[in-house]
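**Student:** The task is simple: from the sequences and hints, build the whole structure.
Line by line, the protein sequences are chains P and R. Heads up: the first sequence begins at 1 in our numbering, then just goes up one per residue. Heads up: the second sequence begins at 1001 in our numbering, then just goes up one per residue.
For the record, the hints were derived by calculation from the structure and aren't laboratory data. Just so it is clear, the structure is predicted and the values come from calculations on it, not from any experiment. Idealized CB from N, CA, C, for every residue including glycine. Accuracy of the hints is not assured; some may be wrong.
One side of the interface only, derived from the structure: several residues of chain P facing chain R at Cβ under 7 angstroms [said to hold, decoys possible]:
(1) ALA184
(2) TYR263
(3) ASP266
(4) ALA272
(5) ALA275
(6) GLU280
(7) ALA292
(8) TRP294
(9) ALA312
(10) GLU406
(11) PRO407
(12) TYR410
(13) GLY450
(14) ARG454
With a straight-line cut-off of 25 angstroms between C-alpha atoms, the simulated DSS-like cross-links for lysine-lysine are [claimed, not checked]:
(15) P:LYS210 - P:LYS172
(16) P:LYS180 - P:LYS220
(17) P:LYS271 - R:LYS1298
(18) R:LYS1298 - R:LYS1312
(19) P:LYS261 - R:LYS1338
(20) R:LYS1312 - P:LYS271
(21) R:LYS1298 - P:LYS436
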Amino acid sequence: MATIHAEPQADSSPAGQQQIINNLSIQVATVNGSGSQTANLVLLRAIFQMGIPVSGKNLFPSNIAGLPTWFTIRASQHGFIARRRDSEYMVAMNPETAEEDVMTLKPGAACVYDERLNLKRLREDVIFYPVPFDQLVTPVCPDARLRKLVRNMIYDGILARLLGIEMEEIHKALQKQFKKKAKAAELNWNAARAGHEYAEKNLVKADPYKLERMNATAGKILIEGNAATALGALFAGVTVVTWYPITPSSSVCETLTEYMKRYRIDQETGKATFAIVQAEDELAALGMALGAGWAGARSMTSTAGPGISLMAEFVGFGYYVEIPAVIFDIQRVGPSTGLPTRTAQGDIISTALLSHGDTMHPMYLPCSVSECFSMAMDSFNLAEELQTPVFVMSDLDLGMNTWMSEPFEYPTKPISRGKVLSAEQVRQMGGFQRYKDVDGDGIGYRTLPGTPDRLCGWFARGSGHNEKAIYSERPDVYVNNMDRLAHKFETARTKMPPPVVVHGATNEVGIIAYGTSHWAIEESLGQLRREYKIDAGYCRLRAFPFTREVHDFINRYERVYVIDQNRDAQMLGLLRLECSAEEISKLRSVRHYDGLPIDARSVTDEIASQEGAN
Amino acid sequence: MATTTVPPSPSAKLNRIGLEMTHYKGNKTTLCAGCGHNAISERIIEACYEMGVEPHRVAKLSGIGCSSKSPAYFLNSAYGVNAVHGRMPSVATGAMLANRHLIAMGVSGDGDTASIGVGQFVHLMRRNLPIIYIIEDNGCYGLTKGQFSATADLGSKLKTGVINDLPPIDTCALAIQLGATYVARSFSGDKRQLLALIKGAIAHHGTSMLDVISPCVTFNDHEGSTKSYSYVKDHDSPVADVNFVPFFDDITVDYDPGTTKDITLHDGSHVLLRKVNVDYDPTDKGAALHMLTESHDKGEILTGLFYVAPEKPTFIDQLNILDEPLATLPESKVRPPKEVLDQVMQSLM
Ligand SMILES: Cc1ncc(C[n+]2csc(CCOP(=O)(O)OP(=O)(O)O)c2C)c(N)n1
Ligand code: SF4
Ligand SMILES: [Mg+2]
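**Tutor:** Right, here's the structure in full:
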């Protein structure tokens, strides 16, 4: 995790110009379906390989080809990896958005652009680097059909030259990207070199931005959140995976499928130790996961908001019948189809209380790829221990973007299957009562279908049932059962991870955030200190239901800002459900909901403004 | 040995695996007296008893409706899920993935299957999941008090006088077309035929889809209804007399090759189709569909085994899953060793 320092220092270059080292955002504006993703990821990886902390955010349209897409790469010697609102460098490749893109630049920013677009006329306070992309691509890519795809690699070469990215690292990154496709790698490498040569001969560096090798990424990995989630599920020992495609969650199960085929084939028999099914819709996906959970599998599904809505009835069923399953929600912007390829924390309230009647569900709130991994593992244990559906609330920013991280640690906890009785145990006890609270934690004992004894059978029903799982409409039986479920939720509370708390110098201002907002908060804390003399405490939620530490935090501070990436302050709403009137009176809200990942500046300015500090 | 032993009751006859018929019974039914669904539960009990099905291997599955309540009325010592309306197929699929040795016994209604659940029904048939899927078909929504369902025939009348003006969905034709591998229609009042068909379904490896006309005595057993006892009795036209010989019995019983078609099922049992229409070939998909359309046009209710494809691989076979139930695999089989994580981490550096 990054430590918080002052803003970067500017050094002096020989030419007398102030050089700005390892602190810039590059925005690449292209058309989707043009192969720009490869060029962007190679760039990102090359910077990473130079030891410079880096992050990448892909802003893409809900479309397969032909619409504008932007990729932002942020290099930060201080390790800040949140999105920034401004960029110092622009690569303008998309004729449709180029003019608007250029107008967003700060004075003094640099712009590499396709010569044909003639952008130079638009601004006098921007440094322009025109490049004849078409002219450069023809000689390196004789096959005209491939040119569109290779063309973008040219800007990698241009940027390498202008910013000081080592070509050797571009080469390595390319090879990593193309793995065994040597021919494609070579074609792209030639394009990058052509760009580099062109820049060397024709472009005069006139901006202060530079990237220099440092040593802050050694031993780290680069991975997308969804791949980290998939790895978590793999090592959690998931056995049944059922899903329905939806952005931004599809890559969870797609990546998992690859891993499972590779690492989960039984060596003796050559058979799969898992089943993965692409269901007909999300209702079926969760129905299958619950059927599998009932029959004893470790089951999961992954989805996004529209799928969560469809799953509502089944989730209530799982809650009431008490069946384990893990549901990964990679949140995106709603309502309805919303902005399907943009990020939000939009399902917090609907998921916590999903379904009709009185229902509440445990949720994990990962902020990083390493938490995607570890919380995936924890969630399977929790689901089986509590015998209930458990949610892991990721989002598009975390799930689909590439993040830098320490390598993941192999699990130290064994797989926990919860309270499952064998035929032998049931025989010894002379029978069992499925929904009886024997241990005082609200969790009954279950048997798995197929357990060979007549005493082991039981009937799972979503209608009213007594401790023996027999149909009942008696008021007292219903109340007892619902009270036990509420008590079980209190047991859940003791099993959830506590928040991560860092106290401020004074007890005036506290900040509560969760999920991907963390990266903006981490940076905002420094900005608030430096610019507004606000030394805030910070409490990062990691789960719902909230643990005692959350209340302790609120009680300690005079004013507590709850950061939500949604319009309706959903986490604040959940806190209200669980807090005392006095606690509630301290809560304020900072909301960000334009579909772009939250940035530090927005948080800093909003808190400062509410504090009357500016 | 004591001299005063209680004489075994006549019903205490043991089946192949040493269980009495009472082992296969369920709770007392809460459905209306005379409801066709009750007769189907009885046939399920008899079929499981006679086939020597191990109750602990049975997963009873249903959706919501009067029909979907019936799993509580058979095989008490089995496991059961009364799922949500129209979504039993997905729950069944998940359960079978978790433990392929279970015997999925699904009971649904015509509303549960052909209206709210038609999406999941279609995909279940398509996958050929090993399951016995019984529709207790009364042409109406019993539990919500008699509204039309999507299997109600054109022109059929509700008790209130409302006439159905939409054509019915033929669940058998749909199932055959989609890939189910044992498709039959029967009538809750035809004990012999229904019992034979359920036994055949138990012996079959794949999706067995049985549409059983099951009159709702409370809402849909009056004149003008095409799913009433009297209407079905008058219009029932069996394709062939169905007899079933389990693998553990001798095939020679009653076997007359000249007039009998013998179909060997996956477990070695036989379904014998006799006399009525010996030319009928239930392994011919096109012929089956053609026959259903024709009889429908004639206003007949065709019953019997329409289609069977005993050798087609099931969904479970296709997934190449381990023979042991996934549900109970040990940690050593489901959590890869540390070297695997190290290797993956290395590749991401
Ligand atoms: C989502 C949902 N919608 C509606 C209902 C109400 N409902 C309960 S049973 C039923 C119809 C059942 O009809 P069918 O499956 O034919 O069963 P039958 O009672 O006729 O045996 C309906 C509409 C429900 N339980 N759930
Ligand atoms: S209402 Fe109809 S379907 Fe329901 S139990 Fe009564 S007779 Fe059977
Ligand atoms: Mg019905």
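**Student:** So, for every hint listed, does it hold in this structure?
**Tutor:** Cross-check of the supplied hints:
For ALA184 (chain P), the shortest C-beta to C-beta distance to chain R is roughly 19 angstroms, which exceeds 7 angstroms, and the interface hint is violated. Taking 7 angstroms as the C-beta cut-off, the interface hint given for TYR263 (chain P) holds, the closest approach to chain R being about 5 angstroms. Hint status for ASP266 (chain P): holds, given a least beta-carbon distance of 6 angstroms to chain R, under 7 angstroms. Among the interface hints, the one on ALA272 (chain P) holds; its C-beta lies about 5 angstroms from the nearest C-beta in chain R, closer than the 7 angstroms criterion.
For the restraint placing ALA275 (chain P) at the interface with chain R, the shortest Cβ-Cβ distance is roughly 4 angstroms, inside the 7 angstroms limit, so the hint holds. With its C-beta approaching chain R no nearer than about 4 angstroms, GLU280 (chain P) sits inside the 7 angstroms limit, and its interface hint holds. With its C-beta approaching chain R no nearer than about 4 angstroms, ALA292 (chain P) sits inside the 7 angstroms limit, and its interface hint holds. Annotation: TRP294 (chain P) was flagged as interfacial toward chain R, and the flag holds, the nearest CB pair being 6 angstroms apart, inside 7 angstroms.
Checking ALA312 (chain P) against chain R by beta carbon gives a least distance of about 10 angstroms; that is not within 7 angstroms, so the hint is violated. Hint on GLU406 (chain P) is violated. Least Cβ distance to chain R is approximately 9 angstroms, over the 7 angstroms limit. Against a cut-off of 7 angstroms between C-beta atoms, the interface hint on PRO407 (chain P) holds, since the closest Cβ of chain R lies about 4 angstroms away. Interface restraint check: TYR410 (chain P) against chain R, minimum CB-CB distance 4 angstroms, threshold 7 angstroms, status holds.
The interface hint given for GLY450 (chain P) is met, as the beta carbon of that residue sits about 5 angstroms from the closest beta carbon of chain R, less than 7 angstroms. Contact between ARG454 (chain P) and chain R, as hinted, is supported at the beta carbon level, the nearest pair being about 4 angstroms apart and thus within 7 angstroms. A hinted pair counts as satisfied when its Cα atoms are at most 25 angstroms apart, and LYS210 (chain P) with LYS172 (chain P) qualifies at roughly 20 angstroms. For a cut-off of 25 angstroms, the pair hint linking LYS180 (chain P) to LYS220 (chain P) stands: about 23 angstroms separates their Cα positions.
Taken as a hint, the LYS271 (chain P) and LYS1298 (chain R) pair is broken in the structure, with Cα atoms around 50 angstroms apart against an allowance of 25 angstroms. Pair hint LYS1298 (chain R) plus LYS1312 (chain R) does not hold up; C-alpha atoms about 32 angstroms apart against a cutoff of 25 angstroms. With a C-alpha separation of about 17 angstroms, the suggested pair LYS261 (chain P) and LYS1338 (chain R) falls inside the 25 angstroms cut-off, and the hint holds. Proposed proximity of LYS1312 (chain R) and LYS271 (chain P) is supported: the alpha carbons are some 20 angstroms apart, at most 25 angstroms.
Restraint check: the Cα-Cα separation between LYS1298 (chain R) and LYS436 (chain P) comes to about 57 angstroms, which exceeds 25 angstroms; the hinted pair is violated.
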